[in-house]
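S.K.: One-letter residues, chain by chain:
There are 2 protein chains.
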Amino acid sequence: MENVYIGVDLGGTNLRVGLVDESGRILQVKQIPTEASLGYESIITRMVDLIKEVKKAYSAVSIGIGSPGPLNPFDGVVVSPPNLPGWQDVPITEMVEEAIGIPTYLVNDADAAALGEALYGGGKGRESSFYITVSTGIGGGYVQNNRLIQGEHGYSAEVGNMIIKPGGQKHANMNAGSLEALASGTSIAREGKARLEISGGAEEVFELAEKGNEEAVVIIDEAMDALAIGIANIVHSIDPSVIILGGGVMQAKDMILPLLKEKVDSYVYEGLRGKIEIEPVHLHDKAGIIGAAMHGRQNFENEKLKDN
Amino acid sequence: MENVYIGVDLGGTNLRVGLVDESGRILQVKQIPTEASLGYESIITRMVDLIKEVKKAYSAVSIGIGSPGPLNPFDGVVVSPPNLPGWQDVPITEMVEEAIGIPTYLVNDADAAALGEALYGGGKGRESSFYITVSTGIGGGYVQNNRLIQGEHGYSAEVGNMIIKPGGQKHANMNAGSLEALASGTSIAREGKARLEISGGAEEVFELAEKGNEEAVVIIDEAMDALAIGIANIVHSIDPSVIILGGGVMQAKDMILPLLKEKVDSYVYEGLRGKIEIEPVHLHDKAGIIGAAMHGRQNFENEKLKDN
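Sequence lines, in order, name chains A and B.
With this note's numbering applied, the first sequence corresponds to residues 1 to 308, in that order.
With this note's numbering applied, the second sequence corresponds to residues 1 to 308, in that order.
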């Protein structure tokens with residue numbers, strides 16, 4: 001029988017558990033509301049129940065849990081995600097592994113999506129891919145030769161904190177003038193409120209821009225300029241085979257992608273112009289489950305190799 | 001008998017050929033002036049003679065040539081380096097391989113130094129290292145799991161063109177406000193000339209700063225601030241195990257390194273503060289020969305693996 005792997009996508013709103021086969025197909029998936037306010041013990045209890053339910057008829061090899069950060073993927077500890085109130089250094093892999101009895105691994109949610117997209121989505125068959133998700137915040141994941149590069153301290157692809165405009169717009173706990181301060185959904189909404197006097201958030205700015213509102217067009221252009229600088233800086237650091245873009249802002253991808261490609265071309269060496277591939281995500285909300293499952297699988301297989 | 005590998009360090013001023021053993025030791029090295037004005041045929045002829053001389057008593061496995069870019073490492077073609085006049089799409093690996101009869105590979109000179117430092121210098125034993133050389137220009141090399149990550153188009157670690165200050169100082173064929181425009185030896189010299197009315201270049205600015213000249217201190221501080229932003233952006237992209245710094249500007253490393261570490265700490269996530277390792281180069285001018293030789297070795301062994 002083919003091996004199967006559990007992938008968990010723990011979000012601030014929904015908790016989803018899927019069963020994934022060796023070729024990255026989701027065989028089944030269950031979803032419940034996270035009900036984050038109930039705290040971590042309730043969430044993990046319900047997560048364990050969901051895992052048991054999904055794996056009932058199968059003997060799964062490993063579990064991979066994708067969770068919001070900050071977290072320590074190496075120790076399996078969720079540190080203190082802003083959208084999971086009350087979580088503080090929760091040893092989630094230990095708790096789940098004890099309850100289920102199969103090897104469990106933890107991964108940053110953006111890293112999970114990055115790995116899913118790299119293996120079976122926009123980065124399939126490519127040597128490397130750099131995934132960037134632009135929503136309320138900006139995160140990402142970097143995959144080289146089908147493996148996540150998590151970095152020495154687990155901080156790779158934390159591109160939201162890249163400095164784009166030194167001394168620019170302030171933003172929460174991040175650098176002034178950071179990518180997240182300038183190009184996130186939050187920042188587009190902030191500019192919309194200030195300059196268009198609207199309260200519908202980034203979505204309304206995009207709608208107005210589509211209808212030809214000049215100031216809305218300028219707001220989008222400025223945000224995409226910051227994102228293009230961030231992408232050009234990533235290109236001049238690692239020159240990935242493909243940049244994969246996801247997140248809520250990509251609902252406006254028909255407007256954004258051509259603009260972004262043009263801007264990136266203007267910021268890279270001449271020899272790279274026209275050659276930088278920027279792809280929208282292929283797997284959408286499936287990437288997190290598939291990537292978490294495959295991260296668990298890869299880690300399990302690595303440990304087995306080391307044991308032999 | 002132990003295997004040996006040829007490493008060539010082709011510079012605008014000197015041409016050096018070394019014989020490197022399996023543990024990265026240089027067994028012998030020969031150096032002649034490049035005499036770049038004589039053109040590529042003369043240089044390659046003399047390079048071939050030097051290789052023959054160095055390998056006389058040995059049966060070397062492979063040749064690795066480190067050359068200034070732009071070049072295509074995959075095709076083995078040197079495109080048009082500014083400091084090698086008259087070179088235009090020179091198929092150097094083909095020419096050398098034909099003359100010597102052993103497999104020959106081409107690598108960017110900064111990449112060669114990066115690999116040398118990663119294997120036997122400041123990055124030894126580490127999972128990844130990012131090498132940055134700050135001299136007249138700014139270049140670098142990125143090594144992950146003891147292998148160069150050259151990038152999809154061979155443009156990885158071209159960090160001189162990273163944008164630090166959008167719309168800032170213009171610089172040759174690079175982005176306005178690029179790292180090279182703000183933090184290279186050339187840029188420090190430019191500011192020294194403009195603000196201190198000196199003509200002694202970056203070296204004189206460092207000398208004056210050491211003697212307490214306030215404007216010189218400010219010039220160095222601004223350059224290091226740009227470099228710190230560049231390093232923080234690299235950290236938030238790939239979180240390498242160690243950053244290795246080389247190049248002429250590092251002659252002032254006692255002044256630079258503490259300043260740089262303090263600035264980098266102020267630009268990274270709180271969880272990373274005090275943890276970013278920035279190391280001076282260990283191998284100095286040996287890194288290029290050792291790295292070129294080891295790049296040749298790795299490529300040769302890879303091809304052999306594929307053939308079997």
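No lab work stands behind these hints, which were simulated from the structure alone.
Take the hints with a grain of salt, since some may be wrong.
Stated by the list, open to error - Distance condition first, Cα-Cα at most 27 Å in a straight line; then the derived DSSO-like pairs of lysine-lysine:
(1) B:Lys261 x A:Lys306
(2) A:Lys275 x B:Lys170
(3) A:Lys170 x B:Lys261
(4) B:Lys253 x B:Lys275
(5) B:Lys304 x B:Lys52
(6) B:Lys124 x A:Lys306
(7) B:Lys30 x B:Lys124
(8) B:Lys253 x A:Lys261
S.K.: Each hint needs a verdict: does it hold in this structure or not?
M.R.: Hints and how they fare:
Note on B:Lys261 and A:Lys306: the hinted pairing is violated, with a Cα-Cα distance of about 36 Å set against a maximum of 27 Å. Under the criterion of a C-alpha separation no larger than 27 Å, the hint pairing A:Lys275 with B:Lys170 is consistent with the structure, at around 24 Å. A hinted pair counts as satisfied when its Cα atoms are at most 27 Å apart, and A:Lys170 with B:Lys261 qualifies at roughly 23 Å. Distance check on the hinted pair: B:Lys253 and B:Lys275 sit about 19 Å apart at the alpha-carbon level, within 27 Å; holds.
Distance hint between B:Lys304 and B:Lys52 is fulfilled; the C-alpha atoms sit about 24 Å from each other, no more than 27 Å. This hinted pair checks out: B:Lys124 and A:Lys306 have alpha carbons roughly 22 Å apart, not beyond 27 Å. A threshold of 27 Å between alpha carbons decides the hint, and for B:Lys30 with B:Lys124 the separation of about 26 Å falls inside it, so the pair holds. Our distance criterion of 27 Å between C-alpha atoms is broken by B:Lys253 and A:Lys261, whose separation comes to about 39 Å.
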